[in-house]
Amino acid sequence: MNRKLLFPLAAAAGYLALAIFDLSRFFTAVDTAFYGTLEMLAVIPPIFILLGLLDVWVPKEIMVKYMGEGSGITGGIIAFFIGSAAAGPLYGAFPVASVLMKKGAGFFNILIFIGAWSTTKIPMFLFELQALGAAFALTRLAVNIPGIIIIAKLIHTLLSPAAVDEIYRASELR
Amino acid sequence: MISTIIFYILASAALISSLAADRTKTRKALQMAWKSFVNIAPSFVGVILLVGIMLAFLSPEFISRIIGEESGAAGVLLASVVGAVTLIPGFIAFPTASLLLHSGAGLTPIAAFISSLMMVGVMTLPVEIEYFGTRVSISRNTAAYLFSLAAAFIIGAVLS
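So the protein sequences, as listed, match chains A and B. Just so we're aligned: 53 in numbering that gives the first Met the number 0 is position 54 of the first sequence, and the numbers increase by one with no gaps anywhere. Just so we're aligned: 148 in numbering that gives the first Met the number 0 is position 149 of the second sequence, and the numbers increase by one with no gaps anywhere.
Since the hints were made in silico from the structure, they are not lab data. Only a predicted model underlies this, so the values are computations on that prediction, with no experimental measurement involved. Careful: at least some of the hints might be erroneous.
[What the hints assert, rightly or not] Across the chosen pairs, the derived CB separations fall in these ranges:
#1 A:S159 <-> B:I8: 39 to 47 Å
#2 A:Q129 <-> B:A19: 21 to 29 Å
#3 B:R134 <-> A:L5: 32 to 40 Å
#4 B:A73 <-> A:D30: 25 to 33 Å
#5 A:T156 <-> B:L18: 24 to 32 Å
#6 B:L9 <-> A:T36: 21 to 29 Å
#7 B:F56 <-> A:L5: 19 to 27 Å
#8 B:K34 <-> A:Q129: 17 to 25 Å
#9 A:L137 <-> B:Y7: 49 to 57 Å
#10 B:P94 <-> A:P145: 21 to 29 Å
#11 B:A149 <-> A:L125: 24 to 32 Å
#12 A:A162 <-> B:I8: 50 to 58 Å
Note that beta-carbon positions come from the ideal geometry of N, C-alpha and C, so glycine has one too.
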C-alpha cells in the first residue's frame, strides 16, 4: 500500500473509534473536519497555481541570486515577506518551501519563510490587532520576529550540510 | 477572508499573463500544480481529520476554561501545551483570546497560547516531516515551543 495513505487512514480509524465509543464527539469531529476541508479547498488552489507558475517561469539563477545561500540579508527579507503575505494554515507552507528549495533558495531563508508563515502573516496580524489590541499585537510581533531569526539560525547551525543536501535532493524529486 | 480573495485575483492575473505569453509553459505549470497537490493531498486530509478529532476533545469552551482558570506558571505551561497541539483558525482563536482577556484571564497565559498556537504545529508535524525530515521538524518545533514560552513571559512582563 502507498505509504502516503498511512497517515490519513490512521486518522480515519480514529473516527471509527469515536463513532463506536463517543457518538457526540464523533459528530463534533466530523463537523470540524468538514469545515477544515472547505477551508483547504478554498485556500489551496491559488497557492498551487502560483507555485506551478513560479516553477515554470522563475529561472533557477534568479532564485539563487535573490534567495540563495549568498543572497545575504536581501534573501532573508524576501523570505520574510513571502511568508508574511501568505494565506492559509501552516501545512500550505511546506509545498511552497519545497519549490523554493528546488529553485535554489538557501536553507536559512527557507527557515525564515516557514517562521514568517507561521507567525507574522499579515491578515492574521490585522485580526489580532482588532481582537487583542495594538499593545498586545505589536509586542508579540516585536518578540516573535527575533524568535523566527533565532530559531532559523539555530537549526541552520545545528544541521550538517549533508542533512541539508538530503532535504534539497528530496525537493528535487517532487 | 479577504486575503484568500486577493490570492485568487493574483493567481488569475498571473495565469492569464502566463497564458498570453506561452501556452505550453502554462500547461506545464498547471500540470505541476496538480501534481504537487495530488502528492500532498493525503497528508492534508490526514491533518484535517486529526484536527477534527483533537477539537472534539479540546473544544473552545474547554480551552477557555483552562486558560481562564489556571493561574501561575502551571497555567502558562498548560496554555502553551494547548496552543502547541491545537490548530485553530485565527478567526476563532483571536476572538476567544479577546473574550478571555476581557473576562480577566492573565496576559501571560494568553500570550503563551497565541504564540505556541502560531509557532508550534504538532498537528502539521506529519506534513512537515514529509518535506523536512524528522530531525529538522522535531528540532524546529521544540525550539519554537521553548521560544513561545519565553515570548509569553516577555510579553506578560512588558504589558503588565
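Here is how each hint holds up against the structure:
1. A:S159 <-> B:I8: 39 to 47 Å: Given about 43 Å between the Cβ atoms, the range holds.
2. A:Q129 <-> B:A19: 21 to 29 Å: At roughly 39 Å between Cβ atoms, A19 of chain B and Q129 of chain A fall outside 21 to 29 Å, so the hint is violated.
3. B:R134 <-> A:L5: 32 to 40 Å: violated, 20 Å
4. B:A73 <-> A:D30: 25 to 33 Å: holds, 31 Å
5. A:T156 <-> B:L18: 24 to 32 Å: violated, 44 Å
6. B:L9 <-> A:T36: 21 to 29 Å: Between L9 of chain B and T36 of chain A, where Cβ atoms are some 23 Å apart, the hint holds.
7. B:F56 <-> A:L5: 19 to 27 Å: holds, 23 Å
8. B:K34 <-> A:Q129: 17 to 25 Å: violated, 39 Å
9. A:L137 <-> B:Y7: 49 to 57 Å: violated, 30 Å
10. B:P94 <-> A:P145: 21 to 29 Å: holds, 28 Å
11. B:A149 <-> A:L125: 24 to 32 Å: holds, 25 Å
12. A:A162 <-> B:I8: 50 to 58 Å: The hinted range 50 to 58 Å is violated for A162 of chain A and I8 of chain B, with Cβ atoms some 39 Å apart.
Of the numbered hints stated above, those contradicted by the structure are hints 2, 3, 5, 8, 9 and 12, listed in ascending order.
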